[in-house]
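Undergrad: Sequence:
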Amino acid sequence: MIRTGQKVENPVTGEELIFHKTSRDTGGEYVLVETILRPDAFVAAAHSHPYQSESFQVLEGRVGFKAGRKKVELGPGDAVTVLPRTAHKFWNAGDGPARFTCEIRPAGAFEQLIETMFGLAADGKTSKKGMPNPLRLAVIARHHFDDVRLPLIPHLLQRAALAMGAPIGKAFGYREKYEASAEPAVA
35 MIRTGQKVEN
45 PVTGEELIFH
55 KTSRDTGGEY
65 VLVETILRPD
75 AFVAAAHSHP
85 YQSESFQVLE
95 GRVGFKAGRK
105 KVELGPGDAV
115 TVLPRTAHKF
125 WNAGDGPARF
135 TCEIRPAGAF
145 EQLIETMFGL
155 AADGKTSKKG
165 MPNPLRLAVI
175 ARHHFDDVRL
185 PLIPHLLQRA
195 ALAMGAPIGK
205 AFGYREKYEA
215 SAEPAVA
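Numbering-wise (the numbering used here), the sequence shown opens with residue 35 and increments by one.
Calculated directly from the structure, the hints in this document are not laboratory data. Idealized CB from N, CA, C, for every residue including glycine.
Simulated restraints, written as ranges between beta carbons of each label pair:
no. : residue 1 : residue 2 : range
1   : D180      : K204      : 16 to 26 angstroms
2   : S215      : G39       : 15 to 25 angstroms
3   : K204      : G111      : 38 to 48 angstroms
4   : A79       : K55       : 17 to 27 angstroms
Using the sequences and the hints given, assemble the complete structure.
TA: Right, here's the structure in full:
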């Protein structure tokens, strides 16, 4: 379980998150994280959230965002809000570290998804792009279907594919949650 002040790192994508407010702190209203991106960092995949908005505020460096068809590069003091059902991704657009805050509303199961995906990356169980194998991903994606979806595939088709793929993944021993073998760094 994520705690206030906890720091988690994805060594594959180059993201480091510090949890300033957890869903437990806010009664599920929101999660507030500070994200630090190393120079080559990126989010693992373009995605959308069916019910959550994300508000980003750049503190340091240059951050590239693609939301829907709009692509922007933001610097310190710049902000962008991504509304529910909007496909988006981000990356470090500069030569040095970048840092921003992100408020996710409502919290949903964001913390559990981050623990799972970052834990898999920390244990070497993702591709170079930060994604687990398709069967493991099917199990995770089905569990988190109300939190995150792929943007280009209609959600009914995704639901049908996950309904078939997730049971196969579970038969191979994959679970919805994953915790890294090593203890996460705590600030």
